[in-house]
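Could you build all of it, start to finish, from the sequences and the hints given here?
Top to bottom, those sequences are chains C and R.
My numbering puts the first residue of the first sequence at 310, with every later residue one more than the last.
My numbering puts the first residue of the second sequence at 310, with every later residue one more than the last.
It is possible that some hints are incorrect.
Just so you know, same-sequence chains aren't split out, so a pair can sit in one copy or run between any two.
Computed list of lysine-lysine pairs in DSBU-like fashion (alpha-carbon distance at most 30 Å, straight line) [to be verified]:
hint, residue 1, residue 2
1, K618, K375
2, K625, K563
3, K655, K618
4, K618, K767
5, K625, K795
6, K625, K368
7, K387, K675
8, K795, K599
9, K599, K621
10, K367, K599
11, K563, K599
12, K566, K766
13, K375, K387
The set of hints was computed from the structure by calculation and includes no laboratory data.
There are 2 protein chains.
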Amino acid sequence: MERHINGVKSCESQAPVAQPEKCSPAGSFDVSSSTADEQIAESFIRQAMEIIVDEAVKKATNVQEKVCEWHSPEQLKKLLDLELRDRGEPESEILQRCRDAIRYSVKTSHPRFFNQLYAGMEPYSMVASFIAEAVKTNLYTYEVAPVFTLMEDAVLRKMIKVIGWEEGGDGIFNPGGSLSNIYAVNLARYRYCPDFKEVGMFSAPRLVILTSQECHYSISKGAALMGIGTKNVYTVPTDERGRMIPSALEEKIKLAKSEGAVPFMVNATAGTTVLGAFDPIDEIADICEKHNLWLHVDACWGGAAIMSKKHKHLLKGIHRVDSVAWNPHKMLMASLQCSAFLVRDKTSLLQRCHSARASYLFQQDKFYDVSYDTGDKSVQCSRKPDAFKIWLMWKALGSRELEQRVDRALAMARYLAEEIKKREGFRLVLEPEFANVCFWYLPPSLRNLPESPELWKKLHTVAPVVKQRMMKTGSMMTGYQPLGEKANFFRMVVISPQVSRQDLDFVLDEIHNLGKDL
Amino acid sequence: MERHINGVKSCESQAPVAQPEKCSPAGSFDVSSSTADEQIAESFIRQAMEIIVDEAVKKATNVQEKVCEWHSPEQLKKLLDLELRDRGEPESEILQRCRDAIRYSVKTSHPRFFNQLYAGMEPYSMVASFIAEAVKTNLYTYEVAPVFTLMEDAVLRKMIKVIGWEEGGDGIFNPGGSLSNIYAVNLARYRYCPDFKEVGMFSAPRLVILTSQECHYSISKGAALMGIGTKNVYTVPTDERGRMIPSALEEKIKLAKSEGAVPFMVNATAGTTVLGAFDPIDEIADICEKHNLWLHVDACWGGAAIMSKKHKHLLKGIHRVDSVAWNPHKMLMASLQCSAFLVRDKTSLLQRCHSARASYLFQQDKFYDVSYDTGDKSVQCSRKPDAFKIWLMWKALGSRELEQRVDRALAMARYLAEEIKKREGFRLVLEPEFANVCFWYLPPSLRNLPESPELWKKLHTVAPVVKQRMMKTGSMMTGYQPLGEKANFFRMVVISPQVSRQDLDFVLDEIHNLGKDL
Numbered sequence: 310m311e312r313h314i315n316g317v318k319s320c321e322s323q324a325p326v327a328q329p330e331k332c333s334p335a336g337s338f339d340v341s342s343s344t345a346d347e348q349i350a351e352s353f354i355r356q357a358m359e360i361i362v363d364e365a366v367k368k369a370t371n372v373q374e375k376v377c378e379w380h381s382p383e384q385l386k387k388l389l390d391l392e393l394r395d396r397g398e399p400e401s402e403i404l405q406r407c408r409d410a411i412r413y414s415v416k417t418s419h420p421r422f423f424n425q426l427y428a429g430m431e432p433y434s435m436v437a438s439f440i441a442e443a444v445k446t447n448l449y450t451y452e453v454a455p456v457f458t459l460m461e462d463a464v465l466r467k468m469i470k471v472i473g474w475e476e477g478g479d480g481i482f483n484p485g486g487s488l489s490n491i492y493a494v495n496l497a498r499y500r501y502c503p504d505f506k507e508v509g510m511f512s513a514p515r516l517v518i519l520t521s522q523e524c525h526y527s528i529s530k531g532a533a534l535m536g537i538g539t540k541n542v543y544t545v546p547t548d549e550r551g552r553m554i555p556s557a558l559e560e561k562i563k564l565a566k567s568e569g570a571v572p573f574m575v576n577a578t579a580g581t582t583v584l585g586a587f588d589p590i591d592e593i594a595d596i597c598e599k600h601n602l603w604l605h606v607d608a609c610w611g612g613a614a615i616m617s618k619k620h621k622h623l624l625k626g627i628h629r630v631d632s633v634a635w636n637p638h639k640m641l642m643a644s645l646q647c648s649a650f651l652v653r654d655k656t657s658l659l660q661r662c663h664s665a666r667a668s669y670l671f672q673q674d675k676f677y678d679v680s681y682d683t684g685d686k687s688v689q690c691s692r693k694p695d696a697f698k699i700w701l702m703w704k705a706l707g708s709r710e711l712e713q714r715v716d717r718a719l720a721m722a723r724y725l726a727e728e729i730k731k732r733e734g735f736r737l738v739l740e741p742e743f744a745n746v747c748f749w750y751l752p753p754s755l756r757n758l759p760e761s762p763e764l765w766k767k768l769h770t771v772a773p774v775v776k777q778r779m780m781k782t783g784s785m786m787t788g789y790q791p792l793g794e795k796a797n798f799f800r801m802v803v804i805s806p807q808v809s810r811q812d813l814d815f816v817l818d819e820i821h822n823l824g825k826d827l
Numbered sequence: 310m311e312r313h314i315n316g317v318k319s320c321e322s323q324a325p326v327a328q329p330e331k332c333s334p335a336g337s338f339d340v341s342s343s344t345a346d347e348q349i350a351e352s353f354i355r356q357a358m359e360i361i362v363d364e365a366v367k368k369a370t371n372v373q374e375k376v377c378e379w380h381s382p383e384q385l386k387k388l389l390d391l392e393l394r395d396r397g398e399p400e401s402e403i404l405q406r407c408r409d410a411i412r413y414s415v416k417t418s419h420p421r422f423f424n425q426l427y428a429g430m431e432p433y434s435m436v437a438s439f440i441a442e443a444v445k446t447n448l449y450t451y452e453v454a455p456v457f458t459l460m461e462d463a464v465l466r467k468m469i470k471v472i473g474w475e476e477g478g479d480g481i482f483n484p485g486g487s488l489s490n491i492y493a494v495n496l497a498r499y500r501y502c503p504d505f506k507e508v509g510m511f512s513a514p515r516l517v518i519l520t521s522q523e524c525h526y527s528i529s530k531g532a533a534l535m536g537i538g539t540k541n542v543y544t545v546p547t548d549e550r551g552r553m554i555p556s557a558l559e560e561k562i563k564l565a566k567s568e569g570a571v572p573f574m575v576n577a578t579a580g581t582t583v584l585g586a587f588d589p590i591d592e593i594a595d596i597c598e599k600h601n602l603w604l605h606v607d608a609c610w611g612g613a614a615i616m617s618k619k620h621k622h623l624l625k626g627i628h629r630v631d632s633v634a635w636n637p638h639k640m641l642m643a644s645l646q647c648s649a650f651l652v653r654d655k656t657s658l659l660q661r662c663h664s665a666r667a668s669y670l671f672q673q674d675k676f677y678d679v680s681y682d683t684g685d686k687s688v689q690c691s692r693k694p695d696a697f698k699i700w701l702m703w704k705a706l707g708s709r710e711l712e713q714r715v716d717r718a719l720a721m722a723r724y725l726a727e728e729i730k731k732r733e734g735f736r737l738v739l740e741p742e743f744a745n746v747c748f749w750y751l752p753p754s755l756r757n758l759p760e761s762p763e764l765w766k767k768l769h770t771v772a773p774v775v776k777q778r779m780m781k782t783g784s785m786m787t788g789y790q791p792l793g794e795k796a797n798f799f800r801m802v803v804i805s806p807q808v809s810r811q812d813l814d815f816v817l818d819e820i821h822n823l824g825k826d827l
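Set out below in structure tokens:
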């Protein structure tokens, strides 16, 4: 029976058929009754939920457990038995597959997971994401998504208020910050010349996007996708802290113009991926006003700072910009994905830029106010109700605890930076101004070498080996990368409230233990 | 205490501090210990899971319950109390908000929900989506997503095999079929001229996409986004069943060329949104070969037919095409979203077209085979492990039950079409060849009118009113739309195995009851 939770019994397979006349002439199928067994389905879901709580909530967040159980792709393929076959498997086997999927996955909620710009377990947001999955809602029309349409609207309004756009604005949640940045480029282009939507860019002047050299790679990806081209993304030099230099921006704008190209937007980054740098928005806004350029702020990572009275100065000037990308799934800990795109426009630019007016979905003769059918603002058709993940969390915690979440993350960064300065063999790449703590670890063998290209060349090889060892022991995970001329260094961000000072001390101890023989 | 499940206690607020020295000098925060209370979190999650099973699984699929509880946006805003405040709310209130979110949402798993091209409750896929949310995995690198990277690979390989690309291929899961179609356009353009990625399309010849007039609107949206322009999407006329006419395609290709434009791709639709029409892939492939055009098949809706020995003929020729978009979240019932883009290329076209080689994420000095870091194939950065939703379901059901799911959906369509033909006042728009059943309902007042523009004008107003009434009673949901010159008609698709013949009889009875006075 397990085979038939949601399967189908054909007439042929039902040997003793009590009412054979129920077999429709329309095919060989019994269409007379449901073939789904709801009780078996419910029992399966309940058992799986137990596994999720035990393995993906309790065990995954237990500091005594491993962060990851490393296996090479070839080993893991064998362990998982990935092949999809003609015959299904019984319930007990599927439940074991659920356990295995969790077991071999990296525990991103673990207090020693620092590998990305998200971490930790957020129960409210997690529950919201379960509900979103269970009710299977697609966010295109009010008629099919009444609750989540209104929640998205409420969250967008609140974010707009927090940003300080007093006249209001518009927005949409997207599957990731890259798409939000792509929306910004599209709106900026549409404002510059709405005709491109219809005629394309074949006879357009060469358009140029300006962004710092430390910006997220989605700006380039977007430019390629949108027919603008990666070479027409002009990168502006940054200062020693990774912040765009406004005078250099103005020079690049002039350069583009002198080439006969048309600069049409500037992307400022609030919280760069590696260093956590904040471009000076206010100064950049002055330049954009002067040259009539769209100003977008990629605040996917750093946007959370605006929740904090203490740290919102990092985003000074954001009330002046045209659009913002902000991912509450990062520092605010909403479930993946939760990415907002916000635009300071009240003329339906988002809708006009993206609409296709599909008559099968966005009928204009509906009985309710079709301005609530927000799907035509999107480049997607199916779209998940991601705003619910932050709405429920915000309701539960209030702005105040979200503020404390941000303040704590930055206090943790400060603590870690101070510890690094105290410890032999550790060296900060720069003093953190946000949550990113970047540092080198020098094994004893390198500590007495003079500053030289040779030292940096050797140091460059340390982080990858330490990373390999930490993954193979499963004790922790943190990222490393080179940056410009800088040799590979570690980047730590502390997001989860579950992380304590002891965990950060452990991180430094463990890096030393894993790398001291190098 | 409820306030602090995942909140933060600042030093100041902890009146009797036993170890005041633990307050870090780095800020006013106690960084010495975790501020998350795992037990409260676990208890909250368990209670919420009970609500989900009771309300979103059991009640939502119960045919005795309503499909929706209609409220106008203004009414619903009041019921939901959407405002986000400074203070959080206690657990009991948040749990009530979970109940309300489910209560006022449309029950898309209900056996009388037929409003979109997805429906029904699929327990395996639902559980997979819960696990994906709980483990919070982003699918960019093997290092952080080992399990789901391999599962995506396994599912893509299987789908490629089912399609019949004997040499293999490549692919990626995207947040929705619209993005998959956009990927197709981008790959086709990249193959035509890889330089566009760098230099944009400013000096390119005018590019033209060819697609049928019944294609999904994402082709136009994509063309606008990608700088090609909606006017450069040439629509090819369709026959009386909504299928692209191959000779008309060839004429349009010649037309574009005669204008000095460059046709570079054809989009064929396998299963149009409204009529469920299948463009003749084999004949179109001949034309594309002759003119050296990329052939993409938007099989988001109709791709499922390939699982069925009985119905796969609808996709005849698909083994010859360059790329396919196929959404298992539609007829196969995987959880939203589950959208595959597949490409018959073995030269890393997907990677070359989209890569940005971000050094902080896709380090080349990693200790494992970095070809498993699939994130750089995507235009996203964060990406959900959607393939898991079909992988677990396929493991549980096997190809055979997926096949039966498709066969049953088409048998149901056949049953419904036959019933419509038998009933007075119902008229098929056309005989279904797939799962879409399109029909008009004529109230008694219209039945004796002669065929005339006036009749059609009156008939056009019937479906919107019936739709309004069905939503206000909450008895069922089905879509309606106009199409070309055709007046508003209903479109039904039956996907859920929970639907029985009785439900379809009910649908026709109910439409009559709701509309007979019109």
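Comparing the hints with the structure gives:
In this assembly of identical chains, K618 and K375 lie within 30 Å of each other by CA distance neither inside one copy nor across copies; the values are 36 Å within and 46 Å between. With identical chains, the CA atoms of K625 and K563 are at most 30 Å apart within one copy only, with a shortest distance of 25 Å there and 56 Å across copies. When the C-alpha separation of K655 and K618 is checked against a cutoff of 30 Å, the pair qualifies only within one copy, where the shortest distance is 28 Å, while the shortest distance between copies is 53 Å. When the C-alpha separation of K618 and K767 is checked against a cutoff of 30 Å, the pair qualifies neither within a copy, at 43 Å, nor between copies, at 60 Å.
Taking identical chains as interchangeable, the C-alpha atoms of K625 and K795 lie at most 30 Å apart only when both belong to the same chain, with a minimum of 29 Å there against 55 Å between chains. Within a single copy, K625 and K368 get their C-alpha atoms no closer than 41 Å, and across copies no closer than 49 Å, so neither meets the 30 Å cut-off. Taking the closest pair of Cα atoms, K387 and K675 come within 30 Å of each other only across two copies (22 Å); inside a single copy the shortest separation is 54 Å, beyond that limit. Within a single copy, K795 and K599 get their C-alpha atoms no closer than 35 Å, and across copies no closer than 52 Å, so neither meets the 30 Å cut-off.
In this assembly of identical chains, the alpha carbons of K599 and K621 lie at most 30 Å apart only when taken from the same copy (25 Å versus 60 Å across copies). In this assembly of identical chains, K367 and K599 lie within 30 Å of each other by CA distance neither inside one copy nor across copies; the values are 55 Å within and 60 Å between. In the homo-oligomer, the alpha carbons of K563 and K599 lie at most 30 Å apart inside one protomer (12 Å), although the nearest pairing across protomers, at 48 Å, exceeds that limit. Taking CA atoms no more than 30 Å apart as the test, K566 paired with K766 passes in neither setting, with 40 Å inside one copy and 56 Å between copies.
Taking the shortest Cα distances, K375 and K387 sit within 30 Å of each other inside one copy (21 Å), while across copies they are farther apart (46 Å).
When each numbered hint is compared with the structure, violations occur for hints 1, 4, 6, 8, 10 and 12.
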